[in-house]
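K.L.:
Below are the chains, spelled out letter by letter.
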Amino acid sequence: NAGVMQNPRHLVRRRGQEARLRCSPMKGHSHVYWYRQLPEEGLKFMVYLQKENIIDESGMPKERFSAEFPKEGPSILRIQQVVRGDSAAYFCASSPTGGTEAFFGQGTRLTVV
Amino acid sequence: DQQVKQNSPSLSVQEGRISILNCDYTNSMFDYFLWYKKYPAEGPTFLISISSIKDKNEDGRFTVFLNKSAKHLSLHIVPSQPGDSAVYFCAASRVEGNKLVFGAGTILRVKS
Chain B
571 NAGVMQNPRH LVRRRGQEAR LRCSPMKGHS HVYWYRQLPE EGLKFMVYLQ
621 KENIIDESGM PKERFSAEFP KEGPSILRIQ QVVRGDSAAY FCASSPTGGT
671 EAFFGQGTRL TVV
Chain S
39 DQQVKQNSPS LSVQEGRISI LNCDYTNSMF DYFLWYKKYP AEGPTFLISI
89 SSIKDKNEDG RFTVFLNKSA KHLSLHIVPS QPGDSAVYFC AASRVEGNKL
139 VFGAGTILRV KS
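Here the protein sequences come in this chain order: B and S. Position 76, counted from 1, in the first sequence is what the working numbering calls 646; the numbers after and before it change by one each time, with no gaps. Position 71, counted from 1, in the second sequence is what the working numbering calls 109; the numbers after and before it change by one each time, with no gaps.
Simulated from the structure, these hints should not be mistaken for laboratory data. Do not rely on the hints blindly, as some may be mistaken.
[Claimed, not checked] Here are some chain B residues pointing at chain S (derived, C-beta under 7 Å):
1) E611
2) G612
3) L613
4) Y618
5) F674
6) Q676
[Claimed, not checked] Pair by pair, the computed Cβ-Cβ distance ranges are:
7) N577/B to F84/S: 19 to 29 Å
8) K632/B to S150/S: 22 to 32 Å
9) S628/B to S90/S: 47 to 57 Å
10) G655/B to T64/S: 34 to 44 Å
11) G573/B to R99/S: 16 to 26 Å
12) K43/S to H580/B: 25 to 35 Å
13) S150/S to D626/B: 42 to 52 Å
14) S150/S to V683/B: 19 to 29 Å
15) A108/S to N577/B: 15 to 25 Å
16) S600/B to N65/S: 23 to 33 Å
Note that the structure is predicted; figures quoted are calculated from it, not measured. The beta-carbon is built from N, C-alpha and C at its ideal position, and this holds for glycine as well.
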C-alpha cells in the first residue's frame, strides 16, 4: 500500500507564475489535509478536504490560494501569482476518517525566485 | 496565537539514556494529542497519540504522558538511540475539528 504521494518534490517558480501541487492520498483514504511549513517554524494547517468538498479552509490565505479534491484524481493546491513569501514546504496528509492520526507525504518544496 | 508550544528548540542526549520532550497547550478544547518525528527533506511520521481520557500511552520505547490540569504533555524515549535524532513535533486537535495544530518542534540529537 503506497503512502501519500506528493509531486513534484521540488518546484521553482518565478514571481507572478502559478504553482500547482499535487497529492494522492493513501488508498482508501478520503480525507486530505494541506499544511505549510515556513523555515524554522512548525507546520500550519491550511485546508481540509473530502472528496469534492472543502470542509475547513480557515488556514488558507484569502487570495491567490485554492484547493480541490475531485471525485477522480489527486488533490490539488493551487497558488496563483506566487510571491517570495510563498516559498515553503507544503505537506499533504490523508486519513481514512477525520479525527484520527494523519499520514503525511514527503512534501513539495516551493521556491519562488 | 501559539496554541501549542514546544519551548525547547533542541535537546541533546547520550545514547541509552532517556529523552524527554515537552509540549504545552493553551486551548482546553483540544482532546487528542499526537507526536510526529521528522527527518530533513521528509514528511512527518506519526509516532504515538493519546486521547484526553487517558493520562499515559505506551508503544515500545515511546511513552506519552498527558497532564490535563497543567495542559502539558511529554514524550519519553527509553533507551534513546542515534537513529532517534530528528525533529519532534507535538500536535493537538479537537476530534470534531480534525485539523492538527502543531508546535514549532524540538530537535533531538542522540550522541553515541
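K.L.:
Please go over all the hints and tell whether each is borne out by the structure.
P.N.:
Quick rundown of the hints versus the structure:
Because the closest C-beta pair between E611/B and chain S is about 6 Å apart, less than 7 Å, the hint holds. The interface hint given for G612/B holds, since its Cβ lies 4 Å from the closest Cβ of chain S, which is under the 7 Å cut-off. About 4 Å separates the beta-carbon of L613/B from the nearest beta-carbon of chain S, less than 7 Å, and the hint is met. Interface hint status for Y618/B: upheld, as the beta-carbon distance to the closest one in chain S is roughly 6 Å, under 7 Å.
Hint on F674/B holds. Least Cβ distance to chain S is approximately 4 Å, under the 7 Å limit. Annotation: interface hint on Q676/B holds; nearest CB of chain S at approximately 5 Å, less than 7 Å. In this structure the hint that N577/B and F84/S lie 19 to 29 Å apart at CB holds, the actual value being about 22 Å. Look at K632/B against S150/S: about 49 Å separates their beta carbons, and that is not inside 22 to 32 Å.
For the pair S628/B and S90/S, the beta carbons lie near 22 Å from each other, so the given range of 47 to 57 Å is not met. In this structure, G655/B and T64/S break the distance hint of 34 to 44 Å, their C-beta atoms being roughly 27 Å apart. Between G573/B and R99/S the C-beta distance comes to about 23 Å, which sits within the given range of 16 to 26 Å. In this structure the supplied range 25 to 35 Å holds for K43/S paired with H580/B, their Cβ-Cβ distance being about 31 Å.
At roughly 43 Å, the beta carbons of S150/S and D626/B sit within the given window of 42 to 52 Å. Distance hint for S150/S and V683/B: a CB-CB separation of about 40 Å, inconsistent with the stated range 19 to 29 Å. Take A108/S and N577/B: their Cβ atoms lie about 43 Å apart, and the range 15 to 25 Å is violated. One distance hint, 23 to 33 Å for the beta-carbon pair S600/B and N65/S, holds here, with the actual separation near 27 Å.
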